[in-house]
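Q: Protein sequences, first through last, are from chains A and B.
Heads up: the first sequence at position 39 corresponds to 63 in the working numbering, and the numbers run straight through without jumps.
Heads up: the second sequence at position 84 corresponds to 1217 in the working numbering, and the numbers run straight through without jumps.
FYI, nobody ran anything at the bench for these hints, they're computed from the structure.
Keep in mind the model is a prediction, meaning the values are calculated, not measured.
Virtual Cβ for every residue (Gly too), placed ideally from N, Cα, C.
Where hints are given, some of them may not hold.
Stated by the list, open to error - As a list, the in silico DSS-like pairs of lysine-lysine whose alpha-carbon atoms are at most 25 Å apart:
{"no.": "1", "chain 1": "A", "residue 1": "K279", "chain 2": "B", "residue 2": "K1185"}
{"no.": "2", "chain 1": "B", "residue 1": "K1459", "chain 2": "A", "residue 2": "K350"}
{"no.": "3", "chain 1": "A", "residue 1": "K347", "chain 2": "A", "residue 2": "K279"}
Unchecked claim - Across the chosen pairs, the derived CB separations fall in these ranges:
{"no.": "4", "chain 1": "B", "residue 1": "G1316", "chain 2": "A", "residue 2": "E73", "range": "43 to 51 Å"}
{"no.": "5", "chain 1": "A", "residue 1": "K161", "chain 2": "B", "residue 2": "D1433", "range": "24 to 32 Å"}
{"no.": "6", "chain 1": "B", "residue 1": "K1185", "chain 2": "A", "residue 2": "K279", "range": "40 to 48 Å"}
{"no.": "7", "chain 1": "B", "residue 1": "G1175", "chain 2": "A", "residue 2": "T120", "range": "56 to 64 Å"}
{"no.": "8", "chain 1": "A", "residue 1": "Q162", "chain 2": "B", "residue 2": "D1433", "range": "51 to 59 Å"}
This is what each chain is made of:
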Amino acid sequence: MSRLSDLINLDLGQTTTKIIVEYIWIGGSGMDLRSKSRTLPGPVTDPSELPLWNYDGSSTDQAPGNDSEVILRPQAIFKDPFRRGNNLLAMCDCYTPAGDPIPTNKRFNAAKVFKHPDVVAEEPWFGIEQEYTLLQKQVKWPLDWPVGGFPGPQGPYYCGVGADKSFGREIVDAHYKACLYAGISVSGINGEVMPAQWEFQVGPVTGITAGDQLWVARYILERITETAGVVLSFDPKPIPGDWNGAGAHSNYSTKSMRSDGGIHVIKKAIEKLGLRHKQHIAAYGEGNERRLTGRHETADISKFSWGVANRGASIRVGRDTEKDGKGYFEDRRPASNMDPYVVTSMIAETTILWKP
Amino acid sequence: MSLLTDLINLNLSDCTNKIIAEYIWIGGSGMDLRSKARTLSGPVADPSKLPKWNYDGSSTGQAPGEDSEVILYPQAIFRDPFRRGNNILVMCDAYTPGGEPIPTNKRCNAAKIFSHPDVAAEEAWYGIEQEYTLLQKDVKWPIGWPLGGYPGPQGPYYCGVGVDKAYGRDIVDSHYKACLYAGINISGINGEVMPGQWEFQVGPSVGISAGDELWVARYILERITEIAGVVLSFDPKPIQGDWNGAGAHTNYSTKSMRNDGGYEVIKKAIEKLGLRHKEHIAAYGEGNERRLTGRHETADINTFLWGVANRGASIRVGRDTEKAGKGYFEDRRPASNMDPYVVTSMIAETTILWKP
């Protein structure tokens, strides 16, 4: 296939100033990523320089057939790791022709929360630990698991190395570099407790950027698994039984929490989150009740708890934060299929704006 | 898969100063290697400049779930042969949040021994001959061996060449170059007596670096076998019967042994080792009794004996050393699954510090 690769890897910069921009958006289910590309006359350095566009919302369950145009507004740009050169990825959100956000547009409300002066003043930082599972394409069974059977029990796989302990590292490593190339703040990766399950972390990033970067990181991952012929799953409990689920633990801090005395601000914030546990859980991802059982390093979905270094709690505070008297905390409740626009803005809203 | 390869091989130095550091540690069994990666803001050459990190010890049998953080202290840096560029591998050891080495941390004690002034003055050199076996992934049977059967008896395979005599050379050769690239002092390789079994040597290395280099060489080997879809085994007697086992013969010398009159120092050291034979054997690897039978170029596990050019002895002194009156000797007792921190520091302790 080397002639196809030669063409895919053509450096157009030699022959034209035109660039290709891939417009990315979230479809009607709230988890399906969509994209299409267009040619622009020259390099672009700011999203505001990109034209608005539109797509067929009736094909993504986001508009009726007789009034199908949904408007795409570019919000964040990244270097395209697949086309490279001056080509870009553009993360967009969706509006009616009249200019209103469509119902599945969760970014719009999140952006409002992050523009609130009280929230802006607190410079909320997020670090999201995105877990995911790789599945064989023909059967919905994890990569390198024997078909019709199971691998040996969990134990050897967390951060494991070796052909019998690590399944799919190629995909993970390609994703890491592709994201760094794109300009996404990927802070690390690791193999997870269940074999064929992996995690990458995005952050620390401020405010609305967390959602933009996580969605584009997910998009890049889905493009890479597409190339590898492997299916990407964000299901929070892909295999029932004695197998870990997949989460999107969200680490969070504000300016006050990062300053001296921050540990008290943290404890107050955790209290407020405890008072709104049900509301947060409802927004933290579909199917989470299959995952948050109180076993497999989770807290039971109906109970709110927190603790230092405690991986069985809803919220975990790291030993470093406890020792320094300031820092950040980890909300372990969000499922792998959560919407980061929703989760990040809700955490900021509850802890900064909401009064009990 | 060349699109994946393009991404894995991206040279990020063109677009960012950021580097990726793979932190490596030893898990709860004392032989399982674990690793995860993080992004750093720029190149780092000194381990003391790397941040401490932590991992989920409850997933590696090293901490309870409600107090799961284990702290990683970076101890040695090597160039990453997989990610290349300015990216690095970091060998770490593991501590409690209170700063105590956890029970499986054998490096801490070894480092103490090597820091002892009497030991430091003697500049202990080590050359470790790491043997290992390559197994087919889906059945635990050596590569190249017929399923349900055996290859022809041992004889043609030691340093052999040819498709019917050498199984897995591409793994061995890529490992050799990868280790040299990484900055590991790998001194040679050879095909072993049992087909599917190989050996590489690390050394001469001084003091604690022998352990660091051997562990990272093992890590690189396990990453390479992972890519090759082959299982790496450090079992000391992988196949019962008339098939060689796998050892980690440890060559050793001190300044006094390397100087004129060193042969007498060597003989005294061997005497001391003989007086502590049982203690050393207990620390020289699990399952060694299946290997040290007195046959297949080993000495019986209960017998301590030494001899010049004698491969059936516990300790062998080379003819060169005998002729020159100075040099080094080879402890042939350690099994392939020994911990080099334990073995190297114990040999130094017994021969330099211990008084009968």
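Q: If a hint holds in the structure, say so; if it does not, say that too.
A: Evaluated hints:
At most 25 Å may separate the alpha-carbon atoms for a hinted pair to count; K279 of chain A and K1185 of chain B meet this at roughly 23 Å. Between K1459 of chain B and K350 of chain A, the direct Cα distance comes to roughly 60 Å. Violation of the 25 Å bound is thereby established for this hinted pair. As the CA atoms of K347 of chain A and K279 of chain A are separated by approximately 18 Å, the hinted pair is consistent with the 25 Å bound. A hinted range of 43 to 51 Å for the beta carbons of G1316 of chain B and E73 of chain A is consistent with their spacing of about 46 Å.
Remark: the range hint 24 to 32 Å for K161 of chain A to D1433 of chain B is contradicted by a beta-carbon distance near 54 Å. The hinted range of 40 to 48 Å is not satisfied by K1185 of chain B and K279 of chain A, whose Cβ atoms lie roughly 25 Å apart. The given range of 56 to 64 Å is broken by G1175 of chain B and T120 of chain A, whose C-beta atoms sit roughly 46 Å from each other. In this structure, Q162 of chain A and D1433 of chain B meet the distance hint of 51 to 59 Å, their C-beta atoms being roughly 54 Å apart.
In summary, the structure is inconsistent with hints 2, 5, 6 and 7 from the numbered list given earlier, while agreeing with the others.
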